[in-house]
Structures are given as structure tokens and as C-alpha cells.
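Protein chains in written order, with the working numbering: chain A, 1 to 79; chain B, 1001 to 1079; chain C, 2001 to 2726; chain D, 3001 to 3225.
Honestly, the hints are just simulated from the structure, not real lab data. There's no promise every hint is true.
Stated by the list, open to error - Here are the simulated DSBU-like pairs of lysine-lysine, each with C-alpha atoms no more than 30 Å apart in a straight line:
hint : chain 1 : residue 1 : chain 2 : residue 2
1    : A       : K10       : D       : K3193
2    : C       : K2685     : C       : K2482
3    : A       : K78       : B       : K1034
Said to hold, decoys possible - Now the stretches of chain C that chain D is said to cover, found in silico as 3 or more residues with beta-carbon under 8 Å:
hint : stretch
4    : 2144-2155
5    : 2416-2424
6    : 2550-2562
Ideal Cβ placement from N, Cα and C applies to all residues, glycine included.
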Amino acid sequence: MKLSVTVTLKKDVLDPQGKVVLNTLSNLGMNELKSIRQGKYFEIDINETDEIKAVKKVDQMCQKLLVNLIIEDYKIDKL
Amino acid sequence: MKLSVTVTLKKDVLDPQGKVVLNTLSNLGMNELKSIRQGKYFEIDINETDEIKAVKKVDQMCQKLLVNLIIEDYKIDKL
Amino acid sequence: MEITKKIIEKHGLKIEEYKNIKKLLNRDPNLLEIGIFSAMWNEHCSYKSSKIHLKKLPTKGKQVIQGPGENAGVIDIGDNDAIIFKIESHNHPSYIEPYQGAATGVGGILRDVFTMGARPIALLNSIHFGSPSHHKTKSLLNGVVSGIGGYGNCIGIPTVAGETKFNETYNENILVNAMAVGHAKKDKIFYSKAKGVNKSVVYVGSKTGRDGIHGASMASAEFNENSEEKKPTVQVGDPFTEKLLLEACLELMKDDSIIAIQDMGAAGLTSSSVEMVSKGALGIELDLEKVPCREENMTPYEMMLSESQERMLIILEDGKEEYARKIFEKWDLDFVVIGKTTNSKNLTLKFNNKIEGQIPIDALANKAPLYDRKWVRKKISKKKLDLRKIKKINIEDALIKILSSPNHSNKNWITEQFDQMVMGDTSQRSGSDAAIIRIHNKDKSIAVSVDSSADYCKSHPFTGGKQIVCENWRNLIAVGAKPLAITNCLNFGNPENQEIMGEFVECLEGIKEACEFLDYPVVSGNVSFYNGTNKKNIFPTPVIGGVGLISKSKKKINHKLKNENSYIILVGKTFGHLDQSCYLKENFSIIEGNPPDTNLQNEKNNGELVFKLIKLGLIRSAHDVSNGGLIVALSEMAMGSEYGLKIDKPKKLQNLIEYFFGEDQGRYILEINKDDLNKVEKLLKASNIYYEMIGFTQRKYFEIDGIMKTDINDLFKINNQWYNKY
Amino acid sequence: MKSSVIVFPGSNCDRDIAVALEKMQFKNQMIWHKETTLPKSDLIVIPGGFSYGDYLRSGAIAGKSSIIEEVIKAANSGCLVLGICNGFQILTETGLLNGTLLRNKNLKFINKDINLKVMNINSKFTAKYKANQILKINIAHNEGNYFTDRKHLDELNKENLIAFKYCDEKGIIANKSNPNGSLENIAGIFNSKKNILGMMPHPERMIDNLISNTDGVNLFSSLIN
Ligand SMILES: Nc1ncnc2c1ncn2[C@@H]1O[C@H](COP(=O)(O)OP(=O)(O)O)[C@@H](O)[C@H]1O
Ligand SMILES: [Mg+2]
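Whenever a hint applies, use it, and build me the whole structure from the sequences.
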């Protein structure tokens, strides 16, 4: 089963990448932009057909490694 | 309007990051993993209420800056 | 599968070459075999257009342990220490994907050096971009610079020197040349020549993917509109894996398990296996199903032609397999015996026990095509510039124009993105004439520099070739090093064009003459042809990478002024040669006439004396005079140091523009303490060296008597502003 | 004094720090990350580099290795721990130090000599420096932009747990002298017991006048008692 994990920075954490991307895009003339935040994305293929179990396992991976819980949030989706 | 951009590496392009993460997770005892590929994620808030126009603008940003079209694919979603 | 004309062309083979293949095989090749021939016979691997000319270069000398023909050149620096170095181009991949192209260029050249047993100790690069105003330049520039840094910083080898140039000739075809320098013990150098039958052939490193299939043939073809579609899967560099591979190889090399070792570079598994057994006059048999693959269902064709990075091929002594495997497993790297050496003199490729291809090694290597391509001598311009016809401009304005131009602006914004200090032995970082790296735990250092002069080479290839070797030699002298040997990367256009081939031949003649005269042999190098698009070829751009020795580390020196009230001496004659100068280029966009001539005898005498003065500790700072002439060199010595200069008007040459901006060769500026002046003058006179006392150092200002007076901090700002506004 | 340098795959300042420690008369040992026990040491150093390529988040994967559990145990029982550059990032990932190191504000790798102010000399690491001394030390990193929450920042300030701040030649701490965007120009911090120091600049690169300067020497000599 394939799942995805989307990791985003918590609201009050500074996002230097997003900031630079925002500036660069405005310099390129895209002024409609209000904000941009950058995060990470994982596609995970797991040997597990039961969705609930699969999500649980991926959740563990997030907690153990993929996500820095102090500064990041995450969400898991089925692909 | 808020949109998201998910950027993934094209098939067959080496993903050194995914590789290391996969190894680490297996070492941590998660053996059910078949593969993991790492990508990027953006949350974009744009001053545009028309969805079609908003998507078009974000698409431009992808082509111009956010995505390396030679090695990456992307998709745009409404949040 | 029938081999059609289209397939042959797609593999970059000429119909004549294909006929030759059939003759050598006595039959029609299959697709796998065509692929292998195309990989081995293309320009990049076979050197078919350049070989007969490269043979003329001087490659021997007391200091040379290994000249061209191995993965890298090796020189002797005494006490059982050897320096191993080479430069290589990664132009085409960097144009397609600048970050990854540049990064894998660095990775590739590092493997060439550590495959011979060296621990890499320094990285250099020579990067050439189109005009800054060209729409692609900015992103190519940023991508290449971060790619070079990304790889070197991560693997932990300092990037210490380089050159960055802009010229519209590179608008559609940038140049990215990377050089690596390593240190080894003289009695522990590893070569690529296979020996013995039935020895295990081992694959180590990363897994094989579909990256860069046909990369070598891409590097051997001109670009056209369709190149972007034809491109293979882009190679992605993995510096982390390379670091593991480096440490694992060096660990295995402590013992004597290795018979031969070669990195998988261009044309991957094909060229590495063929070259090793070709050198040993042996054959090789590979079981391709054993090749570690990253993707599913990879075919023998794909495995043989893949250019996945961070891989090596090793031929092991009997019974060493398990010992070696443990080392690679410790570093989490694949280790698989994929075949053995044979005495059949064939390349035999099996896949699941079925022979998929079989080609005589000789047909791939020694019988590869060799061309004596037609070439014509350059028609040399007879024009001599008439200064009177050019608008008169203020000297200070002209200087400022040069210092603020992209080509002459300070490159700190680049070098700050490179870790220059890791490994703890960089005693002179980027910014001076050459970088200096101490040999770890020893009291001696090496100096390194890379140089090129495309404009000079375009207008007069022979003089250009000669000049660039001299400039490189001078850069090493100026930091107190004895120049030992060079590597070279010959970036040229399409060799099937007689004029381009002529540029190549004549540049090489110039390089040869200078190297011979200066006892500065060529120990390694690389040729990159077909740099150009749709018949528009780049200017001939040979890049010279030199290595010199500083036998006592304490004696290091650089170009920054050190004291107040020291004497400034200009060594070498100033004739005021302005044709092809920066003065004309930057101020009037005039690119005309011939480059300054290089008198090898003067070059040698002046250089040897400067070397001696530095060695005796009589010099406070030194700088060679090159692009931009005397005034630019003087400004460089002042900018970024604490002191300025007070310079006299010339005593002999009356025309101030010629005097200050002329690019005559063989010159150095020296800063000398008052107390040492007598000694220095005596030595200069005793050797009959032409010199002039031109002024003093002072605080704060760069001043030329009655002509200009500028705060050095202002000059520094001017010199640093270009990129910030770009 | 005995020191241990932890070596991860991808560490690349391990040799440099070993050279510095040995020069300062430490008896040093290199500890491969797969080891499960630590020799008795007075000082544990986690060196700079790109452990595991720094591919996920800098320091994240090294923070999960088996040897790190031993480092945590030792640290909790009072052993001195020094994390430099990637070592600092690893210490934040393990939770031995709070906060995190984000990408540099210009998104570029930065290698240069910067000015650093010693903010607190009441620690085993900084005792030999003078109060408010200005040092010139090399930095080399992609992710040195220190960030932490309000509460922890207050604690750092109140308890004097900031070891170094980026400043200019005159010692002025301002935005202009902040190379990477760090909160309050923070370049290095202690834990509350001050037996752990994490810092982005590389003192081990500043121990030899031929190469650079000797502004890093006192950090190591402070530790020798
Ligand atoms: N891409 C680069 N990488 C590293 N160093 C560079 C690069 N570009 C320029 N430099 C450094 O900037 C300085 C000036 O370069 P250049 O003007 O070409 O020197 P020179 O004329 O003495 O050969 C040199 O020290 C060189 O090493
Ligand atoms: Mg120079």
C-alpha cells in the first residue's frame, strides 16, 4: 500500500526557505502572493494491505524519524 | 485562496535522501517498508479568488522557480 | 533486432565506423554490442581526434611518477610523498542541469584521484558562462556554484581555488571543469592495469540505475534544438555515498588486496572493464545479472551503459574477497563479484548464463578509430590598434570600470559558498594567485591554481596556449612555490571543422613549447570537443591546472600588502601591449589584434629569481601581473589588505594608458621591506633581471602621482558590488 | 584528560577535531557510530560534517544512532559534551540541547571567518577566555540559523546560557553581523547545567597561525584542568 506523508513547519516557526521563495517570486513579478511555506513530502510504499495498520506504521515512522515534532506538523494520506 | 504544490522526483531519478531514510528506518526495525521517495511541498496563499486563475498562476511559479522540471514532477491542489 | 541506419546514428557512430565494426567482428553486432562500441569509440572515451596531437606534449621529468594514461597523473614531492591530480570537464551535463551536472563533475574527478590511492586534499574549478545579460546565465551560474559547493562541502574536501569567467561565446555552452588534488604515499599507488587470469572482478559502491545512459556520447555531440528532449535520465550526485566509498577504498588500500582498480566514469561499466583488461592484454567475463540494480527490469544494455555515480570496479588478489567485502559492508556499500578476468582477450557479457554479447577487447580499445583530422592555421590579424583613434578616458574611471565588471569583480560571493578550511590544512584560501595546502603532519605544502585565456587563444592560438601555461606557472611562483607539473582540460568546438581543429593543434603547440621550456610536464588531462551549438563554436579554451611545491610551509606568501612604507618593485619589462586587453574590452568593447607575446626565456629567468627571493624571505607580498595590467594588479594587492600604495609616474614609457593597462607577460609586483632592498637589488642585478622601483606602500589610499587617489575601501566596495546588483 | 570523538558516516571534521585535541594534550579516541559502549571520557565531542548526508534534516539520522544513547547517558551524568556545527545540530535533534538549526537566511552555504563574542566565561568550556572577548572563528554551514521558542529563549537569557553571539569587529551585536539569521545572533548555547555546549563556528580550525589564527585554542585549554 502506498501512503504519503506531508510535513509542514508549525505556524510560529520561522521558514527561511519560504521567505526567500516568496521574495524571489515577487521579484519575478508575481505580486498576488500572500504567503508561501515550504515543507517536505514523502511517498512511502509499505508491505501492508490493511489501511489502518499501514497508517499506524507510517505514523510510527513519522514520530521516530521523519518529523521533528518540536517544530513540525504532519499528516498521512492514502495514495 | 490557498493551494498546495507537491513536488516529486521523476521515476528513475536517484533519490539519495530517500535511500538513506529507507536504510535508517529499516535499521530502526521497520522492515515492512518497500520504498520511500522524498519530495517537496509548498503551501501557497494567493490573492486570487478564481480557482482556475489561481491554479494558472501557481503553475507559472512552479515552472519558473519551484520545480526543477528536468528531474521533478509536480501537482497542484486546492487546500 | 535489425540494426538500422537510424540506430547507428542515434549511437553517434558514422556509417564508415559501423562498417569497420562489422569487419572487426566478422558479423553484424547486436544492439548491446552497438551500444558498447558507441560508448568506447566516441570522442570522449577514444580521443580519436586528439590522440595524435596529445602525443606531442611533454609528459616526462624527474618529478613525474605517472604521466597521462592512468586515472590521474602522479608526481613526486619528496620524502615518499606523491601528489595525484587531474582535471575533467562536465560541460554538457551542467548546461542541462547545472546543480547536478556540476556536482557529479566534482564527484567524478574525485574518484579519478582516490582510485589511485590518494586522499583528496583540494578541489579546484574553472567555470565559464555566457554573457551575464543572457537569460540563462544567472540560473546556470547559481546552479553550478551551489552544485560544486554542495558536493565538495558534503564530502569534506576543501574547494580552494578556481576561476569564473563570462563571455558571450559560452551563451549556449557553458564550461564546468573540476580539478581534484590528492596525496598518497609514493610506494602505495594503485593502477588500473589488470594482471592475472581468473581474478575476481568486483563491483563496489552505489547501485546501477538508468542515469545518464549514453552520457559519453552526449558529451561527444553538438547540441541542437532537440537536445533537451533526447536527454537521458539526469545523473544525481550523492556525495554522502562518495564519502563512504572514499573511506572504504582507502581502508582496503592499506593492505595489498587490490590488483587493479578503476572508477566507473563516462561509459560506466563498459569503459572501466574494457580499459583495465586492455592495459593488461587480458579478457573479461561479466555476469550481468549480478550487477546491483536500483530499478526493476534493467537490461544488459542499460547496465553496461549506465553512468550512475559513486561506483568502482576492482580486480582482487585471490582469496581476498571476504576480507574486502567486510570493509565495504562496514561502510554500507554494495560489494559483488560480478565476473572474472580471462585469457580470451574478449569482453564477454552473460546474462542469466546466456551470452548476450562478445567483443574482442582490441576492437574496442586499440582498434578504435583514430583520426588525423584536417586543420588549417589561423589567419593572424595584422591589425595593430591605433590608440589615437580611441576616445581618451580618465585612468581612474577606466580602472573602476574594470574592477566593477563581472569578469574582474571579487569572487568572494562564490568562494564563501565553498568550505575552504575543512581538513585543517588550507593555509592560503581563494583570492590570491594560488591556494596553498599543507601536507598533513608535514612541514611542506603544495600550491595549486587553474587558469585559462580564451580571448588570447581565439586570436592567436599558439601564443594563447603558451601564455596560459606561463600564467599558471607564474601564479605558483607568486606564492613561493616551485611549479612541478600540470593537468589540462582542452575545451574546444567541433573538431570536424578545420578551423576549430586548427585552433586545437596550435594551442597544443603553444602549450608544448611552454611546458618543455619551463620543465613543467603534463601528467594528466581531458579533452572536451563539440562545445557549441548549431555550428557556433566556443572560443578555444584550454584550462591549465598546475601544482607546485613549497618545501618549507613557513615561507608562505600572498598578494596582500603587509606593511607601511615598503618598496614596491615591478619585475619584468613593460612594453604597453594593449591589443586583446581588458582595458579595451571593458571600456570600449574592442576585441582586436594579437595577445601579448610570451618570451619564455624572460618568463623563466624572472620567475626563478622571484622564487629565490621569496625562498630567502626577502619578499613581504607578491603578485603576478596579468589581465588588466599593472594598475589592476596593484589594486588587487591593496584591496582587502590594510595598506594602500603611492605609485610614481612611469619613467620611460610615456603613454600612461599603455603603461598602466598593458598586459605584457612575465611580470611580478613585489613588496619589499626597506631593510631588504639592498639585498634584493643585488640579486636582481646579478641575474640581469629587468626591474623598476615604482613606489611605496602607504596607509588608506591607492595613489598614482598626480593622476588618482582613491580610498582602498572604496575600491574594495566597487570590486565587490557586481553580484549584489545582479 | 580523556576525550572521545564520535564518528558518523559522513562526519568530515572528525580528523580536524582530533588533531586539535591531541595538540592540546587530550588522550583522544575515535568512536565509530556502531559501537554500543563509550570508553570512560572526560569530554565527548560530536564533530562537524554531513552525517548521513544531512539528507532528512541535518543531524536527524545521527540522532537516532545507537552510540547516541550512550552519549545521552554520559551527558546526563555530567560528562562534558561539545557539539560543533553538525555536532550542534545532532545535539538539538537528540534533545540534549533545545531549539533547532534552520537553513541560513540566504539559503546558501556560508564559509568565512566571522566575529564572535564570548557571552559567558563561567563555564568549563569558556573559562580561559576574557569576558566579552571578541574572537575570529571560521563558520561553514548550510543550517546554522538557530531558532527556539519564546520560553526557552527567555531561559537562555535569564540563566546566562548563551555561550557565543555573532558580532562585528567592535563587538557590536546587530543584524548586520548576523551571518545566518540566528535568533538574537546566537552562535552557541549551553544546557542548563552547562556541561553541554553546542556551537556552529569551528574552534578546531583556529589553533594554528600558519593556517588561520589561534582564537580557538582557549576553548580546548579551558577544558584541561
Ligand atoms: N569558481 C571559483 N572557485 C574558487 N575560487 C575562485 C573561483 N573563481 C575565482 N576564484 C578565486 O578568485 C581569485 C581570482 O581569480 P583570477 O582573477 O582568475 O586569478 P588569477 O588571475 O590570479 O588566476 C583566485 O584566487 C581564484 O582562486
Ligand atoms: Mg594571478
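Evaluated hints:
1. At roughly 29 Å between alpha-carbon atoms, K10 (chain A) and K3193 (chain D) fall within 30 Å of each other, so this suggested pair holds.
2. About 22 Å separates the Cα atoms of K2685 (chain C) and K2482 (chain C), which keeps this hinted pair within 30 Å; it holds.
3. The straight-line distance between the Cα atoms of K78 (chain A) and K1034 (chain B) is roughly 15 Å, inside the 30 Å bound, and the hint therefore holds.
4. Restraint check on the stretch 2144-2155 of chain C versus chain D: 6 residues with Cβ-Cβ distances below 8 Å, three needed, restraint holds.
5. With 9 residues having a Cβ less than 8 Å from any Cβ of chain D, the stretch 2416-2424 of chain C passes the three-residue criterion, so the hint holds.
6. Interface restraint, the stretch 2550-2562 of chain C with chain D: holds (3 residues with C-beta to C-beta distance below 8 Å; minimum three).
Against the hints set out earlier in the document, no violation occurs for any number.
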